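Q: Sequence:
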Amino acid sequence: MEEMIKELLLYAQKLGAEYGDIRYTKQRERPLMMRNGEIESAAERLDSGFGCRLIVDGGWGFASTPAKDFEQLKGMVERAVSVAKASARYKLASVELIPVEIVQDKKATPVKTDPFTLNLDEQAQLLRQCHEIMVQVPEVRVTGGNLYQSREDKIFASTEGSWIEQTLTITGAGIDCLARGNDDVQRRSFNLNKTAGFEAVVAMDLPAKAEELAQQAALLLTADNCPEKTRSLILDKTLARLQVHESCGHPIELDRVLGSEDTYAGKSFLTPDLFGKDFKFGSEKVNITADATLPQGLGSFFYDDEGVKAQRTTIVEEGKFKNYLTSRETAKDYGGVANGTMRAMNWANIPLIRMTNINLEPGDWSLDEIIRDTKDGILAVTPKSWSLDDKRLNFHFAPELAYEILDGEIVRPLKNASYTALTPEFWASCDAVAGREKGEWEVLGSISCAKGEPVQSIGPGHGVAPVRLNNIKTGLQD
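Sequential numbering of the sequence shown, starting at 432, is according to the working numbering.
Wrong hints could be hidden among the right ones.
As the list claims (entries may be wrong) - Taking lysine to aspartate or glutamate and the EDC-like style, the derived pairs with C-alpha atoms no more than 16 angstroms apart in a straight line are:
1) K660 with D807
2) K869 with D807
3) K753 with D799
4) K708 with E677
5) K698 with D820
6) K538 with E475
7) K457 with E583
8) K698 with E884
9) K505 with E433
10) K708 with E749
11) K740 with E563
12) K904 with E873
13) K640 with E563
14) K822 with D838
15) K751 with E856
16) K537 with E583
17) K457 with E438
18) K751 with D862
Said to hold, decoys possible - Derived DEER-like restraints, expressed as beta-carbon distance ranges:
19) E591 with S888: 47 to 57 angstroms
20) A539 with D636: 19 to 29 angstroms
21) P497 with M464: 21 to 31 angstroms
22) E749 with I529: 19 to 29 angstroms
Hints were generated in silico from the structure; no laboratory data involved.
All figures in this text were calculated on a predicted structure; none of them were measured in a lab.
Glycine included, each C-beta is placed from N, C-alpha and C at the ideal position.
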């Protein structure tokens with residue numbers, strides 16, 4: 432394999448490539464879905480192939496193939512060269528890549544229990560156990576569960592001399608239930624994915640969560656609707672994860688900022704003229720990082736798909752905007768450092784700037800202290816629905832569950848809650864971030880985040896803890 436890939440890179444240079452890289456990926460996925468204690472779908476997917484990215488005459492070219500035959504792979508290189516030459520004819524400026532370290536390395540996700548060695552029926556039994564627990568609550572009418580396992584073996588090689596092999600393993604699980612009664616239907620859910628083995632699922636203690644979710648779903652059936660009011664808002668860490676993802680993560684993707692997604696997902700309120708100006712993104716309590724090195728983070732890896740080493744980057748420091756997520760091409764005018772965020776969904780796709788682990792750094796409060804310190808507010812738990820404008824500026828979120836807080840005490844559950852705000856004003860109102868107590872700050876992740884045309888789905892992580900915002904408009908979900 433190594434000799435063949437290196438010959439292909441030499442062939443690309445003979446055809447005029449100023450730069451080239453080739454990625455080989457082999458992916459194995461095993462998703463399982465369960466509904467009401469019965470397996471709804473279970474599959475094992477295997478996929479492998481090559482992707483070739485080149486610069487010719489200052490223009491990008493890309494081609495890919497599942498073929499393994501050397502002559503067919505040469506054809507892939509030839510197609511990439513042809514695309515690059517066509518791109519060069521219409522370029523606004525020649526592509527320039529900032530220098531990076533040349534690397535020879537081999538890494539793998541630390542795994543204690545390999546999920547692919549476990550019997551699928553035994554794994555499904557865990558979800559059946561959760562189903563049996565949830566249906567003990569009479570109001571619960573529908574239950575669901577899922578397991579997800581993925582392993583990706585990747586090789587990256589470049590004309591600059593890098594050769595990188597890495598194996599990434601992802602394991603995740605989720606459960607949910609629907610309760611019906613009192614002329615109402617309510618849902619509670621839990622889902623978590625990590626770069627780890629099956630030990631990550633064991634640590635979730637799904638049976639205990641199943642009991643909690645079922646009881647909460649039933650409780651919501653008789654809860655009061657959330658009143659419309661401007662008040663303090665406390666996000667639990669699962670809702671903080673989504674809030675960080677949507678209002679902090681997407682706006683800092685530099686390709687999006689520069690317009691590459693303008694016709695699909697939109698742009699960003701963090702426009703290029705704000706870079707280097709210490710723009711006020713939030714209060715002094717708000718510190719945001721991008722860190723692809725966090726243990727078990729869903730956005731963790733060893734090298735990105737440009738061969739740049741995983742790293743930690745300050746995004747917001749004490750409320751001041753500092754950095755975008757960059758590539759080797761875009762970093763030149765925005766800090767001069769490629770921060771290792773270029774990733775592709777698989778061999779067939781070109782790498783894009785993607786979130787790694789985008790984190791709201793832990794604060795010096797505990798959740799209990801935040802609640803006791805809140806005079807009038809709600810605690811919002813688990814995302815239910817959300818929408819944002821095309822610049823990630825104006826947003827509307829709804830949690831599955833909320834609790835009203837008066838004079839430092841939780842007084843009642845609330846259903847059908849929502850909140851709305853503008854991103855900089857929202858984060859500027861932050862006056863407390865939890866994380867002091869063990870387990871309050873955690874790297875959470877969802878395996879599906881869509882970007883690009885054609886769409887690529889990749890899972891980022893988010894290190895988060897409960898957080899309080901003030902003077903937020905809350906009310907009944909539309």
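Q: Now tell me if each hint is right for this structure.
A: Hints, one by one, checked against the model:
1. A threshold of 16 angstroms between alpha carbons decides the hint, and for K660 with D807 the separation of about 10 angstroms falls inside it, so the pair holds.
2. In summary, the hint linking K869 to D807 is not supported, as the alpha carbons are separated by about 26 angstroms, beyond the 16 angstroms threshold.
3. For a cut-off of 16 angstroms, the pair hint linking K753 to D799 is broken: about 31 angstroms separates their Cα positions.
4. The straight-line distance between the Cα atoms of K708 and E677 is roughly 23 angstroms, outside the 16 angstroms bound, and the hint therefore fails.
5. The suggested pairing of K698 with D820 holds, with an alpha-carbon distance near 9 angstroms, which does not exceed 16 angstroms.
6. For the hint linking K538 to E475, the alpha-carbon distance of about 24 angstroms lies beyond 16 angstroms, and the restraint is violated.
7. Proximity of K457 to E583 is assessed by CA-CA distance (about 6 angstroms); at most 16 angstroms being required, the pair is judged to hold.
8. This hinted pair checks out: K698 and E884 have alpha carbons roughly 15 angstroms apart, not beyond 16 angstroms.
9. For the hint linking K505 to E433, the alpha-carbon distance of about 15 angstroms falls within 16 angstroms, and the restraint holds.
10. With a C-alpha separation of about 14 angstroms, the suggested pair K708 and E749 falls inside the 16 angstroms cut-off, and the hint holds.
11. Pair hint K740 plus E563 does not hold up; C-alpha atoms about 45 angstroms apart against a cutoff of 16 angstroms.
12. Between K904 and E873 the alpha-carbon distance is near 27 angstroms, which puts this suggested pair outside the 16 angstroms criterion.
13. For the suggested pair K640 and E563, the alpha carbons sit about 13 angstroms apart, so the restraint of at most 16 angstroms is met.
14. Under the criterion of a C-alpha separation no larger than 16 angstroms, the hint pairing K822 with D838 is inconsistent with the structure, at around 37 angstroms.
15. With a CA separation close to 13 angstroms, the supplied pair K751 and E856 stays within the 16 angstroms bound.
16. Distance restraint check for K537 and E583: the Cα-Cα separation of roughly 13 angstroms lies within the 16 angstroms cut-off, and the hinted pair is therefore satisfied.
17. With a C-alpha separation of about 20 angstroms, the suggested pair K457 and E438 falls outside the 16 angstroms cut-off, and the hint is violated.
18. For a cut-off of 16 angstroms, the pair hint linking K751 to D862 stands: about 15 angstroms separates their Cα positions.
19. Judged by the Cβ atoms, the range 47 to 57 angstroms given for E591 and S888 is violated: they are separated by roughly 29 angstroms.
20. Separated by about 27 angstroms at the C-beta atoms, A539 and D636 satisfy the suggested range of 19 to 29 angstroms.
21. The hinted window of 21 to 31 angstroms between P497 and M464 holds, with their beta carbons roughly 26 angstroms apart.
22. Restraint check, E749 to I529: a C-beta distance of roughly 28 angstroms satisfies the suggested window 19 to 29 angstroms.
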